[in-house]
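Undergrad: Residue numbers (the working numbering), protein chains in the order written: chain P, 102 to 217; chain D, 285 to 396.
Rather than coming from a laboratory, the hints here were simulated on the basis of the structure.
Cβ atoms here follow ideal geometry from the backbone N, Cα and C, with glycine treated the same way.
Hints may contain errors.
[Unchecked claim] Label pairs and their in silico Cβ distance ranges:
(1) P:Glu154 x D:Thr361: 39 to 47 Å
(2) D:Lys341 x P:Pro119: 43 to 51 Å
(3) P:Ala103 x D:Leu354: 35 to 43 Å
(4) P:Tyr111 x D:Thr328: 15 to 23 Å
(5) D:Val296 x P:Asn152: 39 to 47 Å
(6) P:Asp157 x D:Lys351: 19 to 27 Å
[To be verified] When the alpha-carbon atoms are kept at most 16 Å apart in a straight line, the in silico EDC-like pairs for lysine to aspartate or glutamate are as follows:
(7) P:Lys112 x P:Asp164
(8) D:Lys287 x P:Glu145
(9) P:Lys179 x P:Asp199
(10) D:Lys325 x P:Asp157
(11) D:Lys287 x D:Glu323
(12) D:Lys377 x P:Glu145
(13) D:Lys340 x D:Asp350
(14) D:Lys377 x P:Asp157
(15) D:Lys352 x D:Glu310
(16) P:Lys172 x P:Glu151
(17) P:Lys172 x P:Asp199
(18) P:Lys117 x P:Glu151
Residue strings, one per chain:
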Amino acid sequence: EAGVVQSPRYKIIEKKQPVAFWCNPISGHNTLYWYRQNLGQGPELLIRYENEEAVDDSQLPKDRFSAERLKGVDSTLKIQPAELGDSAVYLCASSSRDSPQGYGYTFGSGTRLTVV
Amino acid sequence: EDKVVQSPLSLVVHEGDTVTLNCSYEVTNFRSLLWYKQEKKAPTFLFMLTSSGIEKKSGRLSSILDKKELFSILNITATQTGDSAIYLCAATKSAGANNLFFGTGTRLTVIP
Chain P
102 EAGVVQSPRY KIIEKKQPVA FWCNPISGHN TLYWYRQNLG QGPELLIRYE
152 NEEAVDDSQL PKDRFSAERL KGVDSTLKIQ PAELGDSAVY LCASSSRDSP
202 QGYGYTFGSG TRLTVV
Chain D
285 EDKVVQSPLS LVVHEGDTVT LNCSYEVTNF RSLLWYKQEK KAPTFLFMLT
335 SSGIEKKSGR LSSILDKKEL FSILNITATQ TGDSAIYLCA ATKSAGANNL
385 FFGTGTRLTV IP
């Protein structure tokens, strides 16, 4: 079974440019998360989806960040325009409602964004 | 404000040593404490702890939770170079959501 797939693995852009990250969760996982991990820090939740609905986006900087999860499967996270402080690893994870809390929570390999 | 604090921030040991990593938490409606190992980018699951005083073991790794003192420890015995990684702990809440609140992590380096 394929895990959580993210692309691209790395992205280098100039500030003020747009960027998008893509995530394909584990088949059948209804919950999808986007986390941001700054250097030397633990991951922080940006947004959580239950199927296609964003149920927790309180930590998403909505002036420049947007996300969507069409048809409740794949998800895209976009930043426009990017700032230097957005340099980080963006992790996607998915989980199943049927799994005990904590188990079945799988992370993708992440996208390392560098804004120059 | 919810917070999860890990210590030490980094640790360098020799192969064969035993290490103890600490995680304290202050989280409203706390439900469980999870440990992850992060070698490159994707954190991989190690343990989930929900009950106090019950040790969980997996090979050379073990972990225990103290819900009275609000902390957990992760022990690694007979360390190997392959144990070099960042170890993250995270708390979950009982409010139905599965969001993870992570600490800053402990970077463990095991030298031959």
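Undergrad: Work down the list of hints and note, for each, if the structure agrees.
TA: Verification of the supplied hints:
Remark: the range hint 39 to 47 Å for glutamate 154 (chain P) to threonine 361 (chain D) is upheld by a beta-carbon distance near 45 Å. Evaluation of the 43 to 51 Å hint for lysine 341 (chain D) and proline 119 (chain P) yields a pass: the beta carbon distance comes to about 48 Å. At about 38 Å, the CB distance of alanine 103 (chain P) to leucine 354 (chain D) agrees with the hint of 35 to 43 Å. A beta carbon spacing of about 20 Å between tyrosine 111 (chain P) and threonine 328 (chain D) agrees with the range 15 to 23 Å that was offered as a hint.
A beta carbon spacing of about 45 Å between valine 296 (chain D) and asparagine 152 (chain P) agrees with the range 39 to 47 Å that was offered as a hint. A hinted range of 19 to 27 Å holds for the C-beta pair aspartate 157 (chain P) and lysine 351 (chain D), which are about 25 Å apart. Between lysine 112 (chain P) and aspartate 164 (chain P) the CA atoms are separated by roughly 21 Å; this puts the pair beyond 16 Å, and the hint is violated. About 12 Å separates the Cα atoms of lysine 287 (chain D) and glutamate 145 (chain P), which keeps this hinted pair within 16 Å; it holds.
For the suggested pair lysine 179 (chain P) and aspartate 199 (chain P), the alpha carbons sit about 29 Å apart, so the restraint of at most 16 Å is broken. A hinted pair counts as satisfied when its Cα atoms are at most 16 Å apart, and lysine 325 (chain D) with aspartate 157 (chain P) does not qualify at roughly 24 Å. Of the supplied pair hints, the one linking lysine 287 (chain D) and glutamate 323 (chain D) is violated, its CA atoms being roughly 23 Å apart against a limit of 16 Å. The suggested pairing of lysine 377 (chain D) with glutamate 145 (chain P) holds, with an alpha-carbon distance near 15 Å, which does not exceed 16 Å.
For the hint linking lysine 340 (chain D) to aspartate 350 (chain D), the alpha-carbon distance of about 13 Å falls within 16 Å, and the restraint holds. For the hint linking lysine 377 (chain D) to aspartate 157 (chain P), the alpha-carbon distance of about 14 Å falls within 16 Å, and the restraint holds. Using a Cα cut-off of 16 Å, the hinted pair lysine 352 (chain D) and glutamate 310 (chain D) holds, with the two alpha carbons roughly 11 Å apart. A threshold of 16 Å between alpha carbons decides the hint, and for lysine 172 (chain P) with glutamate 151 (chain P) the separation of about 11 Å falls inside it, so the pair holds.
For the proposed pair lysine 172 (chain P) and aspartate 199 (chain P), the alpha carbon gap of about 20 Å is over 16 Å, so the pair is violated. A distance of roughly 31 Å separates the Cα atoms of lysine 117 (chain P) and glutamate 151 (chain P); the hinted pair therefore is violated under the 16 Å criterion.
Checked against the numbered hints above, the structure breaks hints 7, 9, 10, 11, 17, 18 and satisfies the rest.
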